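Residues per chain are reported as follows:
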Amino acid sequence: MTTGFWHQVSAVVHRDLLRERRRGDVLWITIPFGAIALLLIPLAVGTDAILLRQIGPGMYWVIVMLFGVLVSVGKASNETLPQQDASALLGLDPAAGFVGRATSATLLLLIFEVVVGVVAVGLYDVSIIGIPWLIVTLIIVAIGLALLGTLTGSIVNSTSAGTALVPLLVAPLSVPLLLGATQSYEGLRLGHSILSWVLLMVAVVLIVAIIGVLTARPLQET
Amino acid sequence: MTESPLVELDGVGVRIGSTQILRDVDLEVDAGEEVGLFGANGAGKTTALRLMATLIRPAQGTGRVLGADLTSPERYDVRRRIGMIGHTPGIFPELTLVENLLYAARVAGVPSERAGEALSAVGLGGAADRLAGASSHGMQRRTEFARELMIDRSLLLLDEPHSALDRDAVDLVEGLIARTAAEGGAVVVVSHDRDRINKIASRTVELAGGTLS
Amino acid sequence: MQAQTRNRQWPWVAIGLSLAVAFTLSMVSPADSVQGDLVRIMYVHVPAAWLAYLAFFVTFVGSVGYLTTKDLRWDRIAAASAEIGVYFTGLAIALGMIWAKPTWGVWWTWDARLTLTAIMFFVYLGYLALRRTTDDPVIRAGRSSVLGVLGALQIPLVHFSVVWWRTLHQPPSLVRPDGPAIQDPLMLTALIVGVLAFTIVYGSLMVKRIELIKLDDQKAAIEQSIERPVAGEAVTVPDLGASS
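Protein chains in written order, with the working numbering: chain A, 26 to 247; chain B, 10 to 222; chain C, 13 to 256.
For the record, the hints were derived by calculation from the structure and aren't laboratory data. Because the structure is a prediction, the values reported are computed rather than measured. The beta carbon of each residue, even a glycine, is placed where N, CA and C say it ideally should be. Accuracy of the hints is not assured; some may be wrong.
Okay, the calculated beta carbon distance ranges per label pair [stated by the list, open to error]: (1) A:Asp150 <-> C:Lys220: 57 to 63 Å; (2) C:Thr121 <-> A:Val161: 56 to 62 Å; (3) B:Pro120 <-> C:Arg144: 43 to 49 Å; (4) C:Lys113 <-> A:Gln79: 22 to 28 Å; (5) B:Thr28 <-> A:Ile235: 32 to 38 Å.
20 Å max Cα-Cα, derived SDA-like pairs, lysine to any residue [stated by the list, open to error]: (6) C:Lys82 <-> B:Thr213; (7) C:Lys231 <-> B:Ser27; (8) C:Lys220 <-> C:Phe69.
Model the full assembly from the supplied sequences, consistent with the hints where possible.
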């Protein structure tokens, strides 16, 4: 008897989070990598406080986009062929597998965003403005980036390039998320409405989620 | 009325990329049968098992497993009834042995209590909380057998099941094979151990030149 | 035979004729009052940019076509269009930069159109990189079709985000990313003819490229139908005596 879709989703989420907790790839590798990138930038562009305050929010979101995708394709979220076969023969619905992997990537990305965000605030003296909307933005970006990374991970699965190709595929497609996030911050800073940016990012999430669920089965073919 | 075979392959060919692995494979496996599959290294035995597991689509010919056409979406519906233990363990090294089984139980929809019972049945009850990655190949193998004990399967596909197992665990393999066949399922076993397989299999087939004889 | 030869030659005739007319018009059209003869780059840059968008749209159509019909002909259309599109996108960007430096004093501005074109270029590159990673035509078609649809559906969102962003951050008044408005009828004619000529070039290249892809597929199908040893036959019985 096959379990419900969401039951399977939660099984995959639990599995991936447990694997990450034991491996620590995000906590001990990806987050420090993102933090050190934030550290290197002032060494290259100059340490003027006014300049850093200006570029800080943008640099933070670029780091989230470029490094955050590594969360979706890290070892803890990837499976070998025998592992994939075993899951398939348990009756795992490919769409449930996709949603599960994207959900666990979202949760890990949120942790990444918060920790690297603290580093950005410290190094760049960035102001934290409009906390409720900021939280909304962090969540939507995490979901969007997780979906993009998980879907493109499925697209390149079992090809010769493997996960190395994922950042190249994700980066241009994540531009609406990048601009949505940075312009939302600017809008909050200037007291403007950011609803249109939020809706744009939600549109990205919806499109990628729908494509990911609909193509989960065909993409499982090896 | 005669039951349909659980596996029906008719002129099946399998290509991976541009490489032909199997050609003109004809095979029928009926309920209650234990079929031994022999062949040299690189003959395509693992590919044949993955084909029967519905994980590979045939490039030529037609095939049905548990009534599902191997090229149609209905193959997704029968996967839950197919068990496969491959050469490389399909368990997660970062999870403990029991966590691997609990994950399998949750996905497959079996009561989670069966995980502990199955692990004890294969003699790993005392090692349930050991990380799979820190366990020996033989222990990982036993865990996979525990998974198959836990879930009701109509078709069991085993690739070198005796490798890395001690004498006690070998009895486990043969018990699982016998149980599956007795309950109306079928088993296909790939092995190089001809003597052992000849004792337990109802018939054997040889894979050579990409085809079965 | 003569009819066949004529059929094979007509695309080249069409290309040659249209490019000749376009070139002539671009040379006889007047120089711009501000840019001088530098404006003539526009007669290649604008058509190339138009083709970039057209090719991208055709790749999307081909991808949807394959996903709905599983007919590899649609995938050939998508792939051919992407290859041609990436070339013309790169050409448009390069020519735009060559034009921009003497005109604006910078190689690049963050104009919405330019930014969107650059992003599309990378989406194309990713699509072509993905196609190179697998030999299996069915898997290649399936995976790249999904990416083709994903990329195309994202592009309007990318467009909106970039346009809104540029609206909020107006460029300096000295640099006018929209470029000069074309009022001279000869210049306008030269531009339109150029766009038409390049569209004919695109169509001809598509026909040829799809033909080549089809021949490649036919060659692969013939090779696969030839009785060859299966992979396992390369493995033989070991013979330690052979090494002594």
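Hints and how they fare:
no., hint, result
1, A:Asp150 <-> C:Lys220: 57 to 63 Å, "holds (58 Å)"
2, C:Thr121 <-> A:Val161: 56 to 62 Å, "violated (32 Å)"
3, B:Pro120 <-> C:Arg144: 43 to 49 Å, "holds (47 Å)"
4, C:Lys113 <-> A:Gln79: 22 to 28 Å, "holds (27 Å)"
5, B:Thr28 <-> A:Ile235: 32 to 38 Å, "holds (36 Å)"
6, C:Lys82 <-> B:Thr213, "violated (39 Å)"
7, C:Lys231 <-> B:Ser27, "holds (12 Å)"
8, C:Lys220 <-> C:Phe69, "holds (19 Å)"
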